[in-house]
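S.K.: Listed below, chain by chain, are the residues.
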Amino acid sequence: MTKFRRPGHGNVDVSKTLNFSFDGKSYQGVQGDTLASALLANGVHLMGRSFKYHRPRGVVGAGSEEPNALVAVDRGQGRITPNVRATSLELYDGLKANSQNRWPNLKTDIGAFNNTFSMFFPAGFYNKTFKWPASFWDKVYEPFIRNMAGLGPAPEHPDPDNYASTYGHCETLIVGAGPSGIAAALSAARNGGRVILCDENPELGGSLLSTPGVQIEGKFALDWLAKSLEKLRKTENVRVMSRTTAIGYFHDNFVALAERLTDHIPGVEIGPAREKLHRIRAGKVILAQGAIERPLVFNGNDRPGVMLASSAQTYLGKYGVAVGNEVAVFTSHDSAYEAAFNLSDSNIRIPAIVDIREDIRTDLKEQAEQRGIDLFLGSAVSKTKGKHRIKSIEVFYPNTGSKQMIGCDALIMSGGWTPSLHLWSHSKGGIKWDADLAAYIPDQANENCVSVGACNGDFGVAAALNAGTKAGGGRKKFNTNEFDFGTGISLDTLPNYIDTSKQKAFVDFQNDVTEKDIKLAVREGFKSIEHVKRYTTNGMATDQGKTSNLNALQIAAKAVDQPVEKVGLTTFRPPYTPTTFGAVAGYRNDQLFEVTRKTPIDPWAEAQKVVFEPVGIWRRAWYFPKKGEDMHQAVARECKATRESLGIFDASTLGKIEVVGPDAAKFMNLMYTNPWNALKTGSCRYGLMLREDGYIYDDGVVGRLAEDRFHVTTTTGGAPRVYRHMEDYLQTEFTELDVWLTSTTEQWAVIALNGPNARKLIEPFVEGIDLSRENFPHMAFREGKICGVPTRLFRVSFSGELGFEINIPAHYGRAVWEMLFEAGQQYDITPYGTETMHVLRAEKGFIIVGQDTDGTVTPFDAGMPWAVSKKKKDFVGKRSLARPDLVAEGRKQLVGLLTEDPNVVLEEGAQIVADPDQPIPMDMIGHVTSSYWSEALGRSIAMALVKDGVNLTDTDVYIPMPGQTHTARITAPVFYDPKGERLNVV
Amino acid sequence: MKYSARTLFSQALKGHKNWPEQFPNKEPQKDYDVVIVGAGGHGLGAAYYLAKKYGITNVAVVEKGWLGGGNTGRNTTIIRSNYLFDESAGIYDHAVDLWDGLSQELNYNVMFSKRGVLMLAHNVHDVQSFQRHVHANRLNGVDNKWLTPEECKKFLPILDISQDRRYPVMGGALQMRAGTARHDSVAWGYARAASALGVDIIQNCMVTGIRRGKDGAVEGVETQKGFIGAKKIGVSAAGNTSVVMDMAGLRFPLESYPLQALVSEPVKPVLNCVVMSNAVHAYISQSDKGELVIGAGTDQYTSYSQRGALHILEHTLMSICEIFPIFKRQRMLRSWGGIVDVTPDRSPIVGKTPVPGLYVNCGWGTGGFKATPGAADMLAYTIAHDAPHKINAPFNLDRFVGGRLIDEAAAAAVAH
Amino acid sequence: MLLIHCPHCNEERPELEFAYAGEAHIVRPNEAEQAEMSDADWSKFMFIRDNIRGDHAERWWHAHGCNMFFNAIRNTVTDKFTMTYKVCQKRPTEHQIKVAKND
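Protein chains in written order, with the numbering used here: chain A, 1 to 986; chain B, 1001 to 1416; chain C, 2001 to 2103.
Fair warning: there could be bad hints in the mix.
Said to hold, decoys possible - No more than 20 Å apart at the CA atoms, straight line, and that leaves these computed lysine to any residue pairs for SDA-like: (1) A/Lys878 x C/Ala2032; (2) B/Lys1214 x B/Asp1246; (3) B/Lys1145 x A/Arg773.
What the hints assert, rightly or not - Simulated coverage check for chain C against chain B, where a stretch passes if three residues somewhere in it have a Cβ under 8 Å from a Cβ of chain B: (4) 2015-2021; (5) 2064-2071; (6) 2089-2100.
As the list claims (entries may be wrong) - Across the chosen pairs, the derived CB separations fall in these ranges: (7) C/Cys2009 x A/Trp866: 53 to 59 Å; (8) B/Gln1163 x A/Val887: 44 to 50 Å; (9) A/Arg349 x B/Met1206: 56 to 62 Å; (10) A/Pro398 x B/Gln1224: 20 to 26 Å; (11) A/Asp770 x B/Asp1164: 44 to 50 Å.
FYI, nobody ran anything at the bench for these hints, they're computed from the structure.
Cβ coordinates follow ideal geometry from the N, Cα and C atoms, glycine included.
All chains should be modelled from the sequences, with the hints used to inform the complete structure.
M.R.: This is the structure:
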């Protein structure tokens, strides 16, 4: 048994010894310990170093409010978690933890020189210095500051653990399973609705676990607790979740719960989810988060061994650990007496209770006297001594000025209580200042939410039980024999004879913010509490000010001489406690990060060892390299084969929308720039779509299946937005039109065949369509069968060659592809990917929306006036095309570019100038939008958007690149077969 | 009092008891030459430049809350100027020029850290788009260079460039002159420097109306602290611009959206630059305190609630973990929301309004912090001269009528 | 994540099913009006928004549901919906909004 363990106390299993190490040294704890309780049981208080001054620090709290005792936990295989609170870290056999922010070790830390010179580092010091010489900032000061930064160790390896997430629903969600939460769950469960009760701790019970001596309805607290929990666990409509922190309260009663699943399990393997995020939509939320005890702000209050009174009580009551042999008490609140008496009754000597108040309740005086405890009323602790552990305190009696040193090995303190408003504030509930409690408490709710128990200012076990019961819909009133919680006072400054500039009275322990810093901030004009917080960093440490915010507020309020409620309160921000990124991200990582859309033909391409290209969330076949080929060689071969014989391309990703109804043509007239009335059934046409601002939005070929039915295709990336765009106009603007829209992208697989042998290949497979030149001309569109399955067959060409786009039901896509590919061997059929498709279309000057246009290009800029109906009185974007800047001279227009050196392939995105000799900044007249090696032409080709480009045809422009300027001539953007004769191959 | 290591030392010996107020909070006088509405970095900066560069010192800045409490104190502090269009490159690079040396000019360290901004490309379209940026920037004299995946890895060793990831790194654009600054210090530094030049900063003084004379020109602002006369009014109210403009009878091409950001717990230095990935939606740097500072997306709906949704945070963190699997075990410490005002082309409006004497600086969307000194200077210039400078002239209101939009986002739109 | 009542499905569904679609009751000028309209007025139709701090009439699309567009009154300060209604219905009066709030 370790020295400070008190057998017979606590809810731990002393028969189960656990071995663990802290900073490489081996210790023993027991089942049920936290790292903090186990270290305390071994007499270790020094657990960390502060952020700014690297001061040695001991544990202050016993739960998630802990500011000091932060450790890094190493689970092996790269699983190092920084900044874990030792007070929340469940002990397991083999635990390895290390202290942080110290070098070379916790007891001797070089970084502590900051502490020696701390007088030069007050709040905001960095604003005032490191400015001269200016060149030193970039090279010396800033890198130095950056290297000093940080608390826990930086990650070095990818986290191999998995995370999960889920949604949940309930009628009542109860956050916090102390007495009020459990009472609320018991009464809410009776209504039959689904109840979720969650608590951040492994064990439910809250404050009851710290005060096992209290009797509820004549039963000891732990017995009442066990019975209540058993009842809840047996109730079908109740879900009890331990190790589950409510991290944030979002709109409409949407609460995020983070559950820790494996951190407490020894030797846990990689595989099962480490944490799980539950996103709960609740009918009603009952917040029973409790309250956090407030430290007292006095000179020397950060010495290891100084801690909250309630924490000492918890270490004894819950873990059976004495925080010291001689524990002094410093308080301004009655509740600390309960802690003192509990400790005293467990044979821990209490050398003194120092109380700021001149007068206290008689029963407290009597009980102290009975236990032989010396009371120092109207007094304060004015200094503490001890290097890595407190050794003594000095008690100062301001009325006489007398001082007295008292030996101790721990000092427990209480400055009153702060109701936890975190989730209430996330929900935008109102708060009000309660002068008696010297704290804010909930006011008007903003959601269907109630706050009960200590977080609502209802202190004491019976009050909590009653409030919880009421919130759950019950009426029962509880009897307890509890210690009267009592009252306290709250002083902004504690009496001391030492000059304030020589005191070290910490408010925010982790960030080393002192009372002086807050007063300095106010003196310098930072008078709003948000300013004080930002200037001093008070409340911005990993505990987010759970123990420090109200003390800071009171000190600031006094300094600006305003009532506290005028100074405000800093806003609480989610999460309640730091939450693992992985838990928030869930399972969505790497290949599960985002769905990869694949076409029905994708597996075939994969088997051919194709190189894929990500396009939006699709993956598309990019090019099909043969052994030893690079991309350039593969694309050249694919282009050549297609132009000379036959290429096959998977165009299934094209967006497809079926536009149906009596007014379908009218609707198309409004959505596209082109005229549709004259388009005959059985024909198709290139369609151009604008946004209302007149800029090109999308394009695609549209076939007319019947008077009232169009098969519309869109760009791959544009499909969802075009569909939305159409639905929006149809439902909200052109409501008189009788039209139905259906997205059919996934219904059809699309195989594009291009090349002089395309017709020959499909002829034997097609039924019900006359493929002859006369009866199935370019831009014809027929329904029939291919390979025995229904098809919508387009005769279109995005390559300039004889071309067909074969639409077949998606599930036949691969089979038809394979049949055609097999039969195509006689023509040396060549599969090609998006790169070859791009080259072939660029040779013909066909645009790719989003590459050759960029959201600022009109149809006229793109050289497509022919696509814009002059007769139509209205279509989306028409009015905007008449705006002055859209018809102005000097707009950028799409042109072709031929480099002087035919072997130079320009970089896409390269900028174009008229005068290559001008100094920087240069006047750029345009940029290269598309640029390729053209195997058919034996030279490079490019397309570009150039200011007044059409008028510049046949003039030279310049492309200044690093080290070299290229010359190119502006041409028409059609490079290959300008007359389109190749479409007419027999 | 001039700030320096020496004053810090001498004040330390006196127990830091003699530091003066950095920016006295004033009660309003009867009237001013110029009233700036909004005491963020932009508004305070405009007041400073009015006094410092353009000789107008009878200036007040009125603020409904506390200075620097809006988007100035709620952003992810990224500074860069590698924009595509000449107009954007012009105004953002002017800002970066001013950022350089701002600490010395203000005698207040704003911690501008030129650690570099690396924008990652994840598909062919990104590559094309970023190279277009790099080339345009090069010819505009704006620092920005293209890195191969291997060069990205060399610059940022923690980057995973394996090509079998869902979004592989296909290269990146690096602007070395870019980086971060300490956001609060920017507001405080301008406030202090402006105060020293005679500018009155009036906090907790919400503007409730804009008074206009018979000729339509402004006469002053109605506030919680009474009427304040002003010959000219500059509005720099970010998310609340529409509300203020409405007081002058103007409706604006603006919508206000919630934008969230978050930080992790502090850890030792691990990320030496700013990393942005548009395709994956990840924006991250590490502060001088050690916190990972992460920008999240906007919610889809307009709102003034400064309260964002959980699924935005989920998406943000899954994106961060996707780019940096080593950060999966880090922990989110604090998240918060701001209100960003967005124009139809997502470029700002800085200039005159149809109301004589009323000037505006708004519409910075998610990118306002980096522009702070540049936007402030341009607003001040425009107020002082009753005409825009050539840098901010393109960012006028008329472009929405004529159609000469400056649409960086559309120019980077996803293709085919 | 907001909870949104779809007036077509007559159900409250999570925001993830919906897409926001901007301010409501901005009517697109017809062809005759367009022909008459000044560039400035056309620009107002396209770009000028109330961006109101308070009760905002706005459009939503039940994209992953019934596929219908509908309108809503939502307070942009609290993000709370007062009511949702079909596209064909008129913008509610202030009185109607008040009544709906008290329901």
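S.K.: A separate judgement is required for each hint: does it hold in the structure or not?
M.R.: We went through each hint and held it up to the structure:
1. A/Lys878 x C/Ala2032: holds, 12 Å
2. B/Lys1214 x B/Asp1246: Judged against 20 Å, a Cα distance of about 18 Å means the pair holds.
3. B/Lys1145 x A/Arg773: Given pair B/Lys1145, A/Arg773 is violated - Cα atoms ~53 Å apart, limit 20 Å.
4. 2015-2021: holds (count 4)
5. 2064-2071: This one is violated; 0 residues, fewer than the three required, reach chain B with a Cβ under 8 Å.
6. 2089-2100: violated (count 0)
7. C/Cys2009 x A/Trp866: 53 to 59 Å: For A/Trp866 against C/Cys2009, whose Cβ atoms are near 45 Å apart, the range 53 to 59 Å is violated.
8. B/Gln1163 x A/Val887: 44 to 50 Å: At roughly 46 Å between Cβ atoms, A/Val887 and B/Gln1163 fall inside 44 to 50 Å, so the hint holds.
9. A/Arg349 x B/Met1206: 56 to 62 Å: 59 Å Cβ-Cβ, so the 56 to 62 Å window holds.
10. A/Pro398 x B/Gln1224: 20 to 26 Å: violated, 42 Å
11. A/Asp770 x B/Asp1164: 44 to 50 Å: Taking Cβ atoms as reference, A/Asp770 and B/Asp1164 lie about 48 Å apart, which means the hint holds.
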